[in-house]
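Listed in order, the protein sequences are those of chains A and B. So in this note's numbering, spot 99 of the first sequence is number 99, and the numbers just go up one at a time. Remember, this note's numbering sits 1000 above the position in the second sequence when you count from 1.
Since the hints were derived computationally from the structure, they do not count as laboratory data. Being a predicted model, the structure only gives us computed values, none of them experimental. From the three backbone atoms N, C-alpha and C, an ideal C-beta is built for every residue, glycine too. Among these hints, one or two may not hold up.
As a list, the in silico DSS-like pairs of lysine-lysine whose alpha-carbon atoms are at most 30 Å apart [said to hold, decoys possible]:
#: 1; chain 1: B; residue 1: 1004; chain 2: B; residue 2: 1144
#: 2; chain 1: A; residue 1: 158; chain 2: B; residue 2: 1074
#: 3; chain 1: A; residue 1: 160; chain 2: B; residue 2: 1004
#: 4; chain 1: A; residue 1: 13; chain 2: A; residue 2: 76
Distance windows between CB atoms, simulated [said to hold, decoys possible]:
#: 5; chain 1: B; residue 1: 1108; chain 2: A; residue 2: 195; range: 51 to 61 Å
#: 6; chain 1: B; residue 1: 1052; chain 2: A; residue 2: 56; range: 25 to 35 Å
#: 7; chain 1: B; residue 1: 1022; chain 2: A; residue 2: 198; range: 40 to 50 Å
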Amino acid sequence: MRLLRSALIVFGKEIREEARRKESFLASFFFSFISIVLFHFSLDLTGADLSREGSGLLWLIILFAGSLFTGNSFRKEEENGTFQALLLAVSDSGAIFLGKYLANLAFMTSLGFFLLFLSGALLNMPVWNALLPLAFVFTLVNAGYSSLATMISALLSKEKGSALLYPLVLYPLLVPLFMAAAALTGTAMASGPLLGSPWLRLLVLFDILFFVACMLLFEYAAEE
Amino acid sequence: MAEKIRKCAVAATLSAALLNAAALAAVFFYAPVEASMGEAQKIFYYHVPCAIAAYGLLLLSFVMSIAFLSTGQKEYDEWAFSGVETGMVMIACVLVSGATWGRSAWGKWWVWEPRLTSFLILFMTYLSYLLIRALGTGDPRTPKISAVVSIVAFLNVPLVNRAIAWWGSAVHPARIGLEPPMKHTLLLSSFAVALMAASLLLWRVFSARKAEGTEEGNP
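Just need the whole structure built from these sequences, with the hints factored in.
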């Protein structure tokens, strides 16, 4: 209970800080917007099966735009010299992980919905009739993404060239998650059944496995 | 300790050389030629053992990384690092032999087949581990960071194992039916590759110990 309370304090701090500074948030959303526009000009999607090709594009944008935000979640603490203060204030490193994880999850979810709206409006992707299943898939995928993104961000924040290393370490680990994400998003857009899909099992397994592992390993990632 | 590792490495290397000679003889003169794929199928006798050896080495690295994080003893980190390096050699062998086999059997260098693709993902994942080690040379945090990455990366391995069931496969059959001479040859080549991997691992650990001893002025 104390862990959850401390985690919510960290989560609140993250949201307030981002609402004040807006830099990572705006950068990610602008990147998503420009990517959708560039995809429109660089790929001829006329006649393409948008539920298949479109879902892959969507997750590619989320992967890149999401890392702009999540990669910064511990780097900014290091740059501002506030990580030690955070450790002292909260005392439990698990609460810091959980708070940052929830903040990243909230951001990724809002980015997902923003992209769904943009892809529906600008690329005519069939998202409007499948909003509920898509929300289900996005939440599960973002839960897995946020676990690893938060942990890797903490792990590399003190490293030289952490901005360079972050995507190189994170992306290969996310490949199974994004394969499942693209497949399930395509199924949802085509109004296919999600439950019982092997991809859904893979996604749930990934979420549980990496949330538990990251929670356990975070204290080593946060150590000086 | 370094001397003991060197002796084990020499013994493993000699045994691996003998066993590999026997395995190669079995592959070319004892195992029958497979009816549909022809001579190209013989790659199988080294392709599969390399995959098994890669899993074994990554498992070793995973266990040693946990031991390192729990105890902080540098020896465990050396084993974990050497395990990943040797495992990467084995993964590279799997990818190259898989591509060569694919070229001979299906006319393409690369087929996006789930198990081979999963090995490619593992290769990329552990490449990031090696990148962290290379960029963080001398940094006291690097062993800890790479231990965490090794543990997280190994959690991808069960996904590799289950990949064929979840993603389906058009190339690899789920179960392989083998004639007894084929089974014997596979068993022999598996031992040969396992010993070869073990000798590589031991030489790598020995060289790490030696370098450490030289740094401490204790050659």
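A quick look at each hint next to the structure:
no.: 1; hint: 1004(B) with 1144(B); verdict: holds (27 Å)
no.: 2; hint: 158(A) with 1074(B); verdict: holds (21 Å)
no.: 3; hint: 160(A) with 1004(B); verdict: violated (37 Å)
no.: 4; hint: 13(A) with 76(A); verdict: holds (13 Å)
no.: 5; hint: 1108(B) with 195(A): 51 to 61 Å; verdict: violated (36 Å)
no.: 6; hint: 1052(B) with 56(A): 25 to 35 Å; verdict: holds (33 Å)
no.: 7; hint: 1022(B) with 198(A): 40 to 50 Å; verdict: holds (41 Å)
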